[in-house]
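Student: In order, the protein sequence lines correspond to chains A and B.
Taking this note's numbering, the leading residue of the first sequence gets 499, the next gets one more, and so forth.
Taking this note's numbering, the leading residue of the second sequence gets 499, the next gets one more, and so forth.
Any given hint could turn out to be false.
Which copy? The list can't say, so a pair holds if one copy fits it or any two copies do.
[Said to hold, decoys possible] DSSO-like, lysine-lysine: derived pairs with alpha carbons at most 30 Å apart:
1. Lys-703 with Lys-532
2. Lys-703 with Lys-678
3. Lys-603 with Lys-703
4. Lys-678 with Lys-603
5. Lys-532 with Lys-700
6. Lys-760 with Lys-804
7. Lys-700 with Lys-603
8. Lys-678 with Lys-532
9. Lys-678 with Lys-606
Just so you know, these hints were derived from the structure itself, not from any lab.
Source: prediction; values computed, not measured.
Spelled out, the chains give:
Number of protein chains: 2
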Amino acid sequence: MARIVVALGGNALQANPKDTSAEAQLVTCHETSKAIVDLIEDGHEVIIAHGNGPQVGQFVATYETANAANEGIPVMPFPECGAMSQGYIGYHLQQAIREEMRERKINKEVAAIVTQVVVDENDPGFKNPTKPVGSFFTEEQAKKLMAEKGYTMKEDAGRGWRRVVASPMPKAVVEEVIVKTLVEAGHVVITVGGGGVPVIEKNGKLEGVPAVIDKDLASERIAELLNADELVILTAVEQIAINFNKPDQKNLKDLSVAEAYKYIEEGHFAPGSMLPKVKAALMFAESKPGRKAIVTSLERAREALKGLTGTIIAQ
Amino acid sequence: MARIVVALGGNALQANPKDTSAEAQLVTCHETSKAIVDLIEDGHEVIIAHGNGPQVGQFVATYETANAANEGIPVMPFPECGAMSQGYIGYHLQQAIREEMRERKINKEVAAIVTQVVVDENDPGFKNPTKPVGSFFTEEQAKKLMAEKGYTMKEDAGRGWRRVVASPMPKAVVEEVIVKTLVEAGHVVITVGGGGVPVIEKNGKLEGVPAVIDKDLASERIAELLNADELVILTAVEQIAINFNKPDQKNLKDLSVAEAYKYIEEGHFAPGSMLPKVKAALMFAESKPGRKAIVTSLERAREALKGLTGTIIAQ
Numbered sequence: 499m500a501r502i503v504v505a506l507g508g509n510a511l512q513a514n515p516k517d518t519s520a521e522a523q524l525v526t527c528h529e530t531s532k533a534i535v536d537l538i539e540d541g542h543e544v545i546i547a548h549g550n551g552p553q554v555g556q557f558v559a560t561y562e563t564a565n566a567a568n569e570g571i572p573v574m575p576f577p578e579c580g581a582m583s584q585g586y587i588g589y590h591l592q593q594a595i596r597e598e599m600r601e602r603k604i605n606k607e608v609a610a611i612v613t614q615v616v617v618d619e620n621d622p623g624f625k626n627p628t629k630p631v632g633s634f635f636t637e638e639q640a641k642k643l644m645a646e647k648g649y650t651m652k653e654d655a656g657r658g659w660r661r662v663v664a665s666p667m668p669k670a671v672v673e674e675v676i677v678k679t680l681v682e683a684g685h686v687v688i689t690v691g692g693g694g695v696p697v698i699e700k701n702g703k704l705e706g707v708p709a710v711i712d713k714d715l716a717s718e719r720i721a722e723l724l725n726a727d728e729l730v731i732l733t734a735v736e737q738i739a740i741n742f743n744k745p746d747q748k749n750l751k752d753l754s755v756a757e758a759y760k761y762i763e764e765g766h767f768a769p770g771s772m773l774p775k776v777k778a779a780l781m782f783a784e785s786k787p788g789r790k791a792i793v794t795s796l797e798r799a800r801e802a803l804k805g806l807t808g809t810i811i812a813q
Numbered sequence: 499m500a501r502i503v504v505a506l507g508g509n510a511l512q513a514n515p516k517d518t519s520a521e522a523q524l525v526t527c528h529e530t531s532k533a534i535v536d537l538i539e540d541g542h543e544v545i546i547a548h549g550n551g552p553q554v555g556q557f558v559a560t561y562e563t564a565n566a567a568n569e570g571i572p573v574m575p576f577p578e579c580g581a582m583s584q585g586y587i588g589y590h591l592q593q594a595i596r597e598e599m600r601e602r603k604i605n606k607e608v609a610a611i612v613t614q615v616v617v618d619e620n621d622p623g624f625k626n627p628t629k630p631v632g633s634f635f636t637e638e639q640a641k642k643l644m645a646e647k648g649y650t651m652k653e654d655a656g657r658g659w660r661r662v663v664a665s666p667m668p669k670a671v672v673e674e675v676i677v678k679t680l681v682e683a684g685h686v687v688i689t690v691g692g693g694g695v696p697v698i699e700k701n702g703k704l705e706g707v708p709a710v711i712d713k714d715l716a717s718e719r720i721a722e723l724l725n726a727d728e729l730v731i732l733t734a735v736e737q738i739a740i741n742f743n744k745p746d747q748k749n750l751k752d753l754s755v756a757e758a759y760k761y762i763e764e765g766h767f768a769p770g771s772m773l774p775k776v777k778a779a780l781m782f783a784e785s786k787p788g789r790k791a792i793v794t795s796l797e798r799a800r801e802a803l804k805g806l807t808g809t810i811i812a813q
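For reference, chain A alone in the conformation it holds in the complex (with noise of 0.2 Å):
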């Protein structure tokens, strides 16, 4: 029995990009927790970290278009629409999760916890924001939103202009207690969500912030926090692979630190893709003897956790 911090990528929340409906999610979640309630069932403690790019994205859109339209709607910080999304796919995890668990006869409880990210106020990610986030729009558009709202956008590969936010690190979880104390009763615990609402702390006082933590690297520091054993970072492949793609593509069982060094520095894993994921792993295997991260897929979870497959990272 270990105690396990689950990653879930934007693809176990939302399986087709053409439908970016609730109800399609609902469906995609209930999925979703076949695999995860696979891990409960096999006796491990798991806490779930998700993903929230497309839901965010979406609301910015749906806030942008809403305004203008009709000027009286006020548009949502994008901090409140982080929590906004934490909302909505926690409702659908928790209800999926659930009833998944009750399927099985496990009588866990399950609920998602709002929850808030320290980040530095002088993290190098504020002054250069590269995260873009909603709408496009033209250049004359933009210049007005960064004059009238203090935005920053940028021309995107000659799509149009898009807001940039900042991807500062995760420093701290403000509602750690609140997820140990649920951890430790044995209920099952949904946290930072797309990563948690990005806060700073000024003079003792959080104040969200437009940013974009990212949500394998805010998954590492709960998983530091909670002293998991484990990290578990889903995405779309089954294992890391050098060569990625190519006729020698290898794919890798095991992959010690160091290994993981030489292989970032050789330029083997893609950034904005497979490379912050690694580099998540490589945090948490680093962090104290004995910890492992895994990458692997959503649907070989289970075997992953039981070192039939997947990649495992460790000292």
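Keeping the supplied structure of chain A fixed, place chain B upon it in accordance with the hints.
Tutor: Using the frame of chain A, we list chain B on its own:
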């Protein structure tokens, strides 16, 4: 020291109905938190429930406006809007309450729990939905929505057509054990936001339904489940009155269950305003000997709990 469920009304979240922005709501939540933390400082175990009427109304109107401008933006279903409002309001309240506690050196934790509340699918409310939500439509648009989406829509006093949803009785709180675990560990919990996300139970499975559960009744339900000592219903006035707004208005310090029934019969309490609060208070006072309900204003909550003001409803 008592265990107290505090039901916050809409004006504790949005003080100025003309400024419905998130920024204004956060300022109001900081003010509200002072009164809440007074109770925590006095040694009480506090569980917070809150309404979400204006917020969910705004979400629905935002989606309707965005969808009208761009059909590619799917309309968010009603239960999901409720879950989003729990994330949105919960984030503001937990941030503000935490800050107020830290300023007073109170070392407790606080978190909002995404909370589902079970209603009976045969509740008479579903046969005759009466609670209006969202924007006004023309008769033609309304007929299209009724045909396409199965909405119930009603003409609203010459102002146009609006969607109406049911207002069923709360039966059970799905996350009851989660809330209990946190309360017993000494944490401050925000739950049943907006009366809870309404779900029905079908063959053991939960399913979200378009409905609004009265937040005072949901607060009463969770107060019973948590075996609370007191249910504090906050409203715009300091005390319940008979002959309200008449020359012979009489404010009530104590209200027995028998008197409450008599005054209800005599029509002293306005439906949709004081009446549902008196009914929720009565239900709690009658549920077990020793339990009492207090109806007062946010500003007077601390004094009311000391027996100095407010209206106390007890057996």
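Student: How would you label the pair Lys-678, Lys-603 (within, between, both, or neither) given a Cα cut-off of 30 Å?
Tutor: both (24 Å within a copy, 22 Å between copies)
Student: What label fits Lys-532 with Lys-700 when the C-alpha limit is 30 Å: within, between, both, or neither?
Tutor: between (42 Å within a copy, 19 Å between copies)
Student: Check Lys-603 against Lys-703 for me: Cα-Cα at most 30 Å, and say if that holds within a copy, between copies, both or neither.
Tutor: Between copies, since 13 Å is at most 30 Å while 44 Å is not.
Student: Is it within, between, both, or neither for Lys-760 and Lys-804, if the alpha carbons may be no more than 30 Å apart?
Tutor: Within one copy, since 27 Å is at most 30 Å while 67 Å is not.
Student: Between the shortest in-copy and the shortest cross-copy C-alpha distance, which are at most 30 Å for Lys-678 and Lys-532: within, between, both, or neither?
Tutor: Close inside one copy (24 Å) and across copies (27 Å); limit 30 Å.
Student: Pop the pair Lys-703 and Lys-532 into one bin, within, between, both or neither, using alpha-carbon distances up to 30 Å.
Tutor: Answer is between: at 15 Å across copies they meet the 30 Å cutoff, but 40 Å inside does not.
Student: Could you figure out if Lys-678 and Lys-606 sit no more than 30 Å apart (CA to CA) within one copy, between two copies, both or neither?
Tutor: Answer is both: 16 Å inside a copy and 14 Å across each meet the 30 Å cutoff.
Student: With identical chains treated as interchangeable, where does the CA-CA distance between Lys-700 and Lys-603 reach 30 Å or less: within a copy, between copies, both, or neither?
Tutor: Classified as between: cross-chain Cα gap 17 Å, same-chain 47 Å, threshold 30 Å.
Student: As a check of your reading, is Lys-703 near Lys-678 (CA-CA no more than 30 Å) within one copy, between copies, both or neither?
Tutor: both (22 Å within a copy, 28 Å between copies)
Going through the hint list in order, the structure satisfies each hint without exception.
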